[in-house]
Amino acid sequence: MDELINPNPVVHERRATQRHNKPVHKQTSGSSLGSGDREPIDALEIFEHIRDINDPEHPYTLEQLNVVSEDMIDVDDARGRVSVQFTPTVAHCSMATLIGLSLRVKLWRSLPPRFKVDIKLSPGSHSSEAAVNKQLSDKERVAAALENPNLLAMVNKCLAGPAGAGAGASVAP
Amino acid sequence: MDPFTLEPIGALSGHDDRVWNVAWSPQGDMLASCSGDKTVRIWSRRQPRPSEQVPSSASAVPQPPQPPQPPQSQPAQHQQQQLPPTQQQQQWYCSAILDQCHTRTIRSVAWSPTGRALATASFDATVAVWELSSGVWEQVAELEGHENEVKCVAWNPDGRLIATCGRDRSVWIWESMPGREFECVDVKQGHSQDVKAVTWHPSGELLVSAGYDDTIKLWTYDGDEWGCAQTLGGTGTGHESTVWDVCWDPVSRARLASCSDDLTLRLWESRAAPTSTPASAPAGAAAAVVPEGTVGGAGGPQGFVPSRPDLRCAVTLSGHHRRTVFSLDWAPTGLIATGDGDDSILVFGEGDPDMAQLLLRRREQQQQQQQRQPAVAAATTSDGDAAMSEAPAPEGQTAVQAGAEGVEAEEEASGLLTQPGGQWGCWARVAKAHGADVNCVRWNPAEPRLLASCSDDGLIRLWWLR
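Chains H and P, in that order, give the protein sequences. Add 498 to the 1-based position in the first sequence for my numbering, that's all there is to it. Add 7 to the 1-based position in the second sequence for my numbering, that's all there is to it.
Be a bit skeptical, because a hint or two may be false.
Dumping the calculated EDC-like pairs for lysine to aspartate or glutamate here, alpha-carbon to alpha-carbon at most 16 angstroms [claimed, not checked]:
1) H:Lys637 <-> P:Asp269
2) H:Lys632 <-> H:Asp616
3) H:Lys637 <-> P:Glu182
Here are the computed distance ranges between Cβ atoms for each label pair [claimed, not checked]:
4) H:Glu537 <-> P:Arg379: 55 to 65 angstroms
5) P:Asp24 <-> H:Ala651: 52 to 62 angstroms
6) H:Pro505 <-> P:Ser20: 47 to 57 angstroms
7) P:Glu151 <-> H:Arg607: 46 to 56 angstroms
8) H:Ala651 <-> P:Glu182: 39 to 49 angstroms
9) P:Gly326 <-> H:Val508: 37 to 47 angstroms
The hints are simulated quantities; they were obtained by calculation from the structure and are not laboratory data. Cβ atoms here follow ideal geometry from the backbone N, Cα and C, with glycine treated the same way.
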């Protein structure tokens, strides 16, 4: 890349997170292994899956650049719905689609198939918001994109663990 | 409680990835499916056991479907069903796998009108044509030209032309030449984004394309080339997001249905058509009075001339779908099925659903009577109306209501269950029809109550309308 889209991004610390919505019944679930006792998936769990995705152009994670945050995630475990909004560092970011695709692939690889995942730009965060959102929600385009070896390699690079740790390494499950 | 139900009668497993598309052979005896696993599978109906086989004069004619055992009880005694659903399931098996041709996802599959050839469209930018020769499917042609992903393929009604469309925003028309060659005769630019679907009007005079630019385009032939005769869409006049599928009303051949990412279903009809009859409070048998000239639908072109299309959006069905509507199919019964990203299958009908249910019961009774007289049954199966002859036993509850008789007689002849011009409504709904998005739904052409669906869950399911 000749020129960085955002040469000087603001970098934030990786926050320590804790479960504030921890279900009360959790403590008792060890005694009964019934399938009904599965702990519901919450926003924090989704955040844990995506916080360490690498930014496509900077050696930082999406969390460090504030592209993703826990409060921009909505989860309805019962209905199997996950909605993630992300905020590129600049409004003309040409990497928005790639970031969205990386989020989609990471969650697709991490979540049970019953979940339907919607990935969108946070409102007002991008100059081509509607176009990027439409593209990210078109399953046919996403499927075709992921059959493109170059694009898939770029996605996998974003998903290859903490920034700087062996680019090109194989992707986590 | 929905007036109709779709009863699951089978699941066909074998694909290793999402199944994008299914297509019934014109005779309804085979189903083709294509998948992200880069294969096409052909599912065939198991032949009836020899003891049940009806002597057929011409072996080339597909065997009429045979119920495993003749019905023997009255409809009222419906507790013991003569044909358990599982019997249907056992009749389908994977008879062929077409592989090692496409290098990427196969997105669409289409039968030639004769049922002897198959066309497949792939993300690898090619379209393949296959023929069945001495029991083996062979690739006989490859259509190359699209820049990248091909998303849909459709054969015209006389089998001479193939239309394809794809991500390169174009619609291609190919002509069949001697020696199994196909030559591109036209490339239509016009859509501003990728084209998701192409379909031909039953007359062959009109080609429809639709896609990511939220529009539907109607193409006609002027003797030299195909030109865009009409664009359906644009702000406030059509779909508000990607149009995923389109289908003609097979009975009137004068209405087009479309479904979209905007969560609606739209029905388009001729501007010259009389404005849809305001459904006069459908309550009881009185609603059965159908406007003159629309009964049966088959006769009335309703002002529509395929070579000079002038469609407008006449009906918008919204509020029924919660996620993208990926597929729809309009059956000869008048019912429209949809498959969506909420894993659901819905069935829509127009007119009075109670009346439709009554017609269905009536027809089942008649079939049973015919089946009790083997000679008559054998004769009936030779024409197209044999469709219903394999209907599983009715559930009973056939309280024949007075007042419906007149309409029934007329509708009986057409095969319609619906009353054109009436109010549209959702008549059946299967939530969680699959474990993931439903990508395609298709009614069997020979048995209008048999529906096939396919999904991201890798399965094909068969459903029976009751």
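Hint by hint, here is what the structure shows:
1. H:Lys637 <-> P:Asp269: 15 angstroms, holds
2. H:Lys632 <-> H:Asp616: Roughly 11 angstroms separates the two Cα atoms, so the pair holds.
3. H:Lys637 <-> P:Glu182: Roughly 31 angstroms separates the two Cα atoms, so the pair is violated.
4. H:Glu537 <-> P:Arg379: 55 to 65 angstroms: 59 angstroms, holds
5. P:Asp24 <-> H:Ala651: 52 to 62 angstroms: Violated, since aspartate 24 of chain P and alanine 651 of chain H (Cβ atoms, about 20 angstroms apart) do not stay within the stated range.
6. H:Pro505 <-> P:Ser20: 47 to 57 angstroms: 53 angstroms, holds
7. P:Glu151 <-> H:Arg607: 46 to 56 angstroms: With Cβ atoms ~34 angstroms apart, the hint is violated.
8. H:Ala651 <-> P:Glu182: 39 to 49 angstroms: Between alanine 651 of chain H and glutamate 182 of chain P, where Cβ atoms are some 40 angstroms apart, the hint holds.
9. P:Gly326 <-> H:Val508: 37 to 47 angstroms: Taking Cβ atoms as reference, glycine 326 of chain P and valine 508 of chain H lie about 44 angstroms apart, which means the hint holds.
The structure fails to meet hints 3, 5, 7 from the earlier list, while all remaining hints are met.
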